[in-house]
Amino acid sequence: MSELLRCENLTKKYANTTALKGINLTLESGKIVGLLGPNGSGKTTLIKLINGLLTPTEGKVLVNGNAPGVKTKAEVAYLPDNSYLNSWMTVKQIVDYFVDFYADFREELAYEMLKRLGINPEMKLKTLSKGNKEKVCLILVMSRNAKLYVLDEPIAGVDPAARDYVISTIINNYNQDATVLISTHLISDIEQILDEAIFIQNGEILLHKTIDDIREEHNKSVDELFREVFKW
Amino acid sequence: MKWTLDKSKPLCPQICEQVCLKIALGEFTPGGKMFSVRETALLAGVNPNTVQKAFEVLEQDGILYSVRGSGWFVSEDIAKAKETLDNLVYEKTQAYFESLIALGMNSEQIKNYVKEWDYE
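Protein sequences, first through last, are from chains A and B.
Each step along the first sequence adds one to the number in the working numbering, with nothing skipped, and position 172 is 193.
Each step along the second sequence adds one to the number in the working numbering, with nothing skipped, and position 103 is 191.
You can take every hint at face value.
Calculated cross-link-like contacts (lysine-lysine; reagent style DSS-like; alpha-carbon spacing at most 25 Å):
hint	chain 1	residue 1	chain 2	residue 2
1	B	Lys199	B	Lys180
2	B	Lys97	A	Lys252
3	A	Lys241	B	Lys141
4	B	Lys180	B	Lys90
5	B	Lys141	B	Lys97
6	A	Lys94	A	Lys81
7	B	Lys180	A	Lys241
8	B	Lys141	A	Lys168
9	A	Lys252	B	Lys95
10	A	Lys241	B	Lys97
11	B	Lys141	A	Lys230
12	B	Lys95	A	Lys241
13	A	Lys92	A	Lys168
14	B	Lys90	A	Lys241
15	B	Lys97	A	Lys230
16	A	Lys42	A	Lys230
17	A	Lys113	A	Lys94
18	A	Lys230	A	Lys252
19	B	Lys168	B	Lys90
20	A	Lys230	B	Lys95
21	B	Lys170	B	Lys141
22	A	Lys69	A	Lys42
23	A	Lys42	A	Lys81
24	A	Lys69	A	Lys151
25	A	Lys154	A	Lys136
Don't read these hints as lab results, they were simulated from the structure.
Extracted from the complex, chain B is given alone in its bound form:
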């Protein structure tokens, strides 16, 4: 998964969110080693200080932890990261429904569309 960042919003919370998604989707393994701050900064194309701040926030939330001298690791408990994924899926679903309601659809019609949608 690529890093997708919206420049019109603060980057730090976006980095936090994307790290959570990558954990929830199995790109980073629970208990495994994370990329370093600098590697992450290079991959995401952002400032290392921003990544540092994001990792510190994630540490407070128990999603990452740091080991002196050996860097950053993913927490064994990935419930919080999964929660972020669930929230995002919920938000996107809600936004999708709202956009179709704005186009004059009702809830029943939208559900039918989804049911019949042929996803390749």
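So that you can see chain A by itself, here it is in the shape it has in the complex:
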């Protein structure tokens, strides 16, 4: 287990709101980590900073020792919260595109997963349902052999049966050198496979603990604790 992600005093300000307030966070390799927080708490901002889509106002973020850039992008597989793929392309064309783009892309694995979820590679993206589009995006990301997987709301739009498949895909792809950071609201669906949970609120980290510690200390599932902490 080595350190894979480090945030030091990480701050992000937009015009007159502060989305992240000096976050300090380290993640080790070989973990599945849940990034949990209500809407507008700073989850996506943090994720975008990790991926270099935003630059910090203050502080820094390091992936495997490097600031976000060409090197980290080869090591980070990122699933954004909305699709960025060209909807006129077929699934197969997109797979080819990813093969060209990423040296670590496992084409066979991608087709195997598409087949399992009953998605025809000849279909154009725009003809797929919202849920199936999301599945394609997730398959593309999980087909990479990355060090850090960052999944922003990976299961929100997929049906419960496919959710189970997505979860087993994450377990199946798990390896000691990689870490998976999952941001989600659907805690009860995913908490069984997490090692650690991070609760984030108003741009600050409220809690960062292992799941079994949470259950032991609070006698609650992570979902129940979340509902209690973030009660209106």
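Since chain A is already given, all that's left is putting chain B on it; use the hints.
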């Protein structure tokens, strides 16, 4: 037997308990090969690290043992696993008695119910 896990309690000890039950009930054979950590994680729907930790605890208790390069095996001696089963049966019986006592039954009445219970 399916894996039944209570999300409001730590998962690691629950995995340990269920592995013991599966051994005691003959689902896993003494001396036989166990599912790998990853297979178990998939079957139980939990994190592989949790399973790894549970297997390590079970190894310390002499219930499982690992062989470098070939995975996990069930110990020949299944006394400890049987003990877990006995404990659980005892706990459940106790809980059952307590719940019926709370409903105003006495010990004699409960025993009569059990005796006359027609189990299909």
